[in-house]
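Trainee: Residue strings, one per chain:
Protein chains: 2
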Amino acid sequence: MADTTNPLISDRDVDFLLYEVLGVERLCALPYFADHSRETFTLFLDSVRRFARDVLFPTYRPVDEEPAKFVDGRIKAHPVLHKVVPRMVDLGVLSATRPVDVGGQQMPMTVSALANAYLMAANLSASGYLWLTTGAAHLIEAFGDDWVKQEFMARMYSGEYTGTMALTEPGAGSSLADVRTKATPTADGHYLIEGAKIFISGGDHDMADNVVHMTLARIEGAPAGIKGVSLFAVPRMRPEGDALVFNDVNTAGAVHKIGWRGLPSLVLNYGESGDCRGWLVGEPHKGISYMFQMMNEARIMVGFNGASTAAVAYQESLNYARTRPQGRPLRAKDPTTAQVPIIEHADVRRMLLRQKAIVEGAFSLLATTSMYADLAAHEEDEAGRKRAFLLVDLLTPVAKSFPAEWGFESNTLAVQIHGGYGYTSEYLPEAWMRDQKLNSIHEGTTGIQSMDLLGRKVVAAQGAAMQALKEEVQAACDRARSAGVDEAWSKQLEAAFDGIASLTMTLAGIGMQGEPERMMRHSVHYLQLFSIFVVGWQWLLQAAVSAEARAAGKGDDAFYAGKLKAAQYWFATEVPRIAQLAALVRSEDDSYDSMQDDWF
Amino acid sequence: MADTTNPLISDRDVDFLLYEVLGVERLCALPYFADHSRETFTLFLDSVRRFARDVLFPTYRPVDEEPAKFVDGRIKAHPVLHKVVPRMVDLGVLSATRPVDVGGQQMPMTVSALANAYLMAANLSASGYLWLTTGAAHLIEAFGDDWVKQEFMARMYSGEYTGTMALTEPGAGSSLADVRTKATPTADGHYLIEGAKIFISGGDHDMADNVVHMTLARIEGAPAGIKGVSLFAVPRMRPEGDALVFNDVNTAGAVHKIGWRGLPSLVLNYGESGDCRGWLVGEPHKGISYMFQMMNEARIMVGFNGASTAAVAYQESLNYARTRPQGRPLRAKDPTTAQVPIIEHADVRRMLLRQKAIVEGAFSLLATTSMYADLAAHEEDEAGRKRAFLLVDLLTPVAKSFPAEWGFESNTLAVQIHGGYGYTSEYLPEAWMRDQKLNSIHEGTTGIQSMDLLGRKVVAAQGAAMQALKEEVQAACDRARSAGVDEAWSKQLEAAFDGIASLTMTLAGIGMQGEPERMMRHSVHYLQLFSIFVVGWQWLLQAAVSAEARAAGKGDDAFYAGKLKAAQYWFATEVPRIAQLAALVRSEDDSYDSMQDDWF
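In order, the protein sequence lines correspond to chains Z and C. Here our numbering is used: position 330 in the first sequence is 310, and no number is missing along the way. Here our numbering is used: position 256 in the second sequence is 236, and no number is missing along the way.
In case anyone wonders, no lab produced these hints; they're calculated from the structure. Hints should not be assumed to be uniformly reliable.
Pairs involving identical chains hold if they fit within one copy or between any two copies, as the list cannot separate such chains.
[Unchecked claim] The calculated DSSO-like cross-link candidates involving lysine-lysine, where the alpha carbons are at most 27 Å apart (straight line), are:
1. Lys266 - Lys313
2. Lys313 - Lys162
3. Lys207 - Lys313
4. Lys266 - Lys207
5. Lys129 - Lys450
Take these sequences, add in the hints, and give me the full structure.
Mentor: See below:
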C-alpha cells in the first residue's frame, strides 16, 4: 500500500535550492566546472530523478522484505538489485564529481549529491553500493600510487568493482585508536593482512567482479594509537596476470540490520589462510589522517541519506493526510456530514509542517555545505578555498547529525500520521523509520559529532571558521531584511549567534584551563542548539529568497507561501530553544557527569 | 545476545514507590482492601516478578521472531504462548483488583498494575491477552446484566475466555462517531450484528475456548454520531445449551504489526452468514459513555505498557554500558592503556540518566495515578472519592502519553548506547523500540490525549481538578523544603504551576469566546509542557523522600543519590522547557494552522 506516485523528493524544492537560493550556475565560471551549465545539470538531474521514481523506488519493498542472503560463505544480493544496480552505474553517478582524467564529469558535488538523494530516497540500500564505492575510489585517487589507481580506482569509478570502508573491528567501534588488524610487509611490495572487521557494508555480494576494502591496519612495529594505523587497499580478488584469484578475504557472517536491508553488513576475516594481500595507500601510519581528509565528504553523504529518508516518508504521509478521511473539524457538530481528510486537522498539519521544516531545512543545509565543498576544492584563489573549507569543516558535524536526529523524529511523525496503519508493514513509513536510525550511529555517532563540533570545529583556526559563519549568517539576515521578511527572525538569529559565540568562548576557556571533560560535558546539548541555529539560518535564507520572488511577482505563490510558513514555524518553535539549551550548557549542570555507576 | 540477567524493572524502585513515596499500606485501612497488608502485596509481587523473569522473559525473542499465524481462517498463537499464558492466569493477575464476589482479590490497582508491569516488560504481547481480557470483563461487571456477567464476565476473570475491545473500523479509527457496524434487535433478546472491525488485538487465537468482543455497534434507527452507539458482548462462540457454537465472527485477516508480534491484530467480519449474535451491555446508545468510564483505566494500562517497555530497554543498555569496553577518557592520551566501559563516558551516562529519569518518572506518575484511582473507587467519604477521581481524570492523558512519547525516545537511546550492535536484531533494544511505537497511536493518539487534556480535563469542574493538583504539588514542594532538597526546584515547580494555571485560564477564555480551534491550536505543546511539569512534581516528591531517607540514615545511599541526581537532571534539562513551550502556546503562532494544503 505504498503511494506509487510518491515523488521521493520535491523537484521544486531541489530546483529552488540549486538555482534560487545557491545560484549553483555561478560555479560554472570556475575552470573545473567550465564545461557545465544549467542545461547539463538539468539533464543529469532529470535522468536520475526518472530512474529513481520509475525503476528504483518499486524495488524498495521487495529488497526490504528479503535481505541479502549468506549462502556457502558468500552473499547473494536480491535478484532485483542485479538488475537495477548496473543501470544506476550507467547514470554516471559514481564518478560524476571526479575529474575527467579519471573518467569523471567534473560535476559540482552540490548537483551530484542532490541527484544522488533521489536514489537514496528511492532505495537507500541500493544507493549505498554506489556512494561507498565512490568514497573508496576517492581515497585511492587522493592518496594512492599509480598501480593502485589503475588496478582498483579506475575499476571502481567505472562500476566494474565496488568498494567498502573497512574500519570497524569487534573491539574497536568508535575507537579507531584500537584497530588491531595486522599488516606485515613482504619483499614483493604488498603486505600480508590478518584480522577481523565488522559492520562492513556491502563487504560481499555477487553483483560485481570484485570488492575492494579500504582497510585500516597496523604495520608491525607501528606506534600505538591512531598514529600507528595505515590504510590499505585489500581486494576480495587480487589480480595475478590476467586473472583474478581469491585474496583470502573471508565473509564470516552477516549481522541482521534492522534497516538498509539490501546492503549486507558483514564480518570479514582477513588472512585465514595467511594469504591476504593488501597494498599500502599513501604513507605508513597515516591512515587515520587520510580517513579524516575524506571524512567530511562521507559524513555529508550520511546527512543526505538522512534527509532523503525523511523526505520520502514526508511525501508519503503528506499524500496519506490528503486522502484519508477521518473525523470532522472541532466546530462541526453534525455527525451526518462527511468526514474530512486528516490534513484538515491542525495537529496533523503541525506534524506535516514539522516534517517539511526538518526535511527542507536539512536539504538546504546539505546543499549549502556541498556548495562550500565545491568552492573549497575548486575556487580559484587560495583564500577563498581556505574560507570555504573552514565552513565545510564547521558545518559537517551538523550536516551529518541533524538529518539523522531530527530526521528520525520526522520519520516517526510519518508513522504517527498513518495511525494504526503506520504501525504495520503493509505501509512503508515504518521501514523508513528503521532505515533512518542507522544514521545517528554510523560514520561517527551523534555523541562523536558533538565532540568534533565543540572540541575541534568551532575553535578551529583561532575562530576563523566561526567568523566565516558569522559573515554568512549576517548576509542572510541583511538579505532577509531587504526582502521584507519578518524583522524579528533576523534579530533572533543575530542574538542567537552572539549567544553561541560567547558560550563558545567560555567553553574554550574551560578547555584551555586543562579541563576538557568540563568543557565537553554538554557537547550534545551544544550540538543541538548549534543545529537549530544553523538550520534557522538556512530557513531565513529560504524565506528571504521566497519573499524576493513574491515581491518580484514570479508566480508560484503557493510554493513560496509554504516556505515562509515553514520558516515561521522554525522561528516560533525551534529557535527559542537555543537560549534554553545555551543556559543549560552554561549552567554546567553536573547531574549525569557526577552520576556513579552504582547509583543507576 | 540478550542480557539474561535483565531484571526488567528495578525492584528497589517499585518498592520505593509503593512503600516510601506512596505509603500504599494506608489503603489497607479502607474496607475494600481490609484483607490486605504489605505481606500480601509482597507475596503477590514476588510471585509475579519471579515468573516474569524466569519464565516469561525468555519467551520474548521467539515470540517476536515468529508472529502469530493466520491459517485457514484461524489464528495460531506461538507454541510457547500456549505454555506460558495459562501460567500467567494462575498468578491471579486477571482479577486481582476485582471484588471477591466476582472471583477477585480486592488488591489495590497501585500494586496490581506495578506487578503487571513486570509481565509487560517481560513480554508485552503475552501480557496483552490478560489486561485486554480484564478490561473487557470489567466493562461487563460495570454495565452488564446478570446473564451476560455469568456467561462471559465470570469466564473471562477466570481465564477460561479472553476478551477484546472491538471499537475501530476501517473508516472510523479515531472517529468513534462514525462507527457503522449494525445491530438489529430480535425477538429473542439478542441482536444480530453485522459489520467489520479492524486492529482488534487478540481478536482470535487458539489458547482459550472463546473470545468475547466488546463491540461498538449502532442499533437500527439510532441517532447519528456518538450518541447512537451501543455496546455489545459478541462472543466468537455462543452458548447454546451446554455447547458452544460458532457465532459468525470471522477472522478476515491479520495486519502485520511491527511490534507486539505475539498479539495478533485482526480484521473481523461480523455476520457474514447473517447469524452473529450480540448481547447488549447496559442501555442502548450509551456505548461510548460506558467506554469513556473505563477509558482512564485502559489508558493508564497503556501508560504502564510504555513505562515497562522503556524500563526493560533501560536495564539492558545499563548492563551493556557497564560491560562494553570502548575508548578512553578524554584526558587519557596513552593508547596502550586498556579501554574503559562506555558508562565512563559522560555522554553515555547522559543517555542512561535520561532513560532513568523517563522510566522512573513515568512509573512514579503511573503509581501515583493508580493510587488516586484506588481512592476514587474505594475512599470512604464521597468528597475524597470525588477529589481523587478528578485527579485520575486530569492525569490520565499524561499518564498515557508521557510513557509513549518520552518512552520512545528512551527506547531509542537504548539502541544508540548499543551502537552498531543496537542496529541489529541480534540485540533486543530495536524490538522494544518497535513495541513502544504503538503506545502513541492506540487507545487515543497523542493528539487526542492533548485535546482531552486541554479541552476537557484542565477545565473540568470549574477548575476543581487543577485546584486538587495544585494542592498535591504544593504538598510535594513543602515536603521537599522540609527535607532540605534544593530550594530552587520547589520554586521552579511553583512558578511553573502558576504559569500553567494562567495559561490555562487564557486558553479557556478563548474557548468560551467560541473559538475552539484557536484554543486547541497548540494542544500538543500544552500536553508536552504539562507532562514535563507533572513528571517534575513526581521527581520532586521522589527527591524529598530520598533526602528524608538519607537524613534519617536509612542506608542504601547509592539508591537515594541516584534518585537525587535524576531529579537534578529533570530540573536542569526538562523543567526549563516549560516556560519556552508556554510562551509558544501563548504566542498563538499560526504557522501550521494557517498552512494550506497546496503550500506543502
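Trainee: Determine which of the earlier numbered hints do not hold for this structure and return their numbers in increasing order.
Mentor: Per hint list: single violation, 5.
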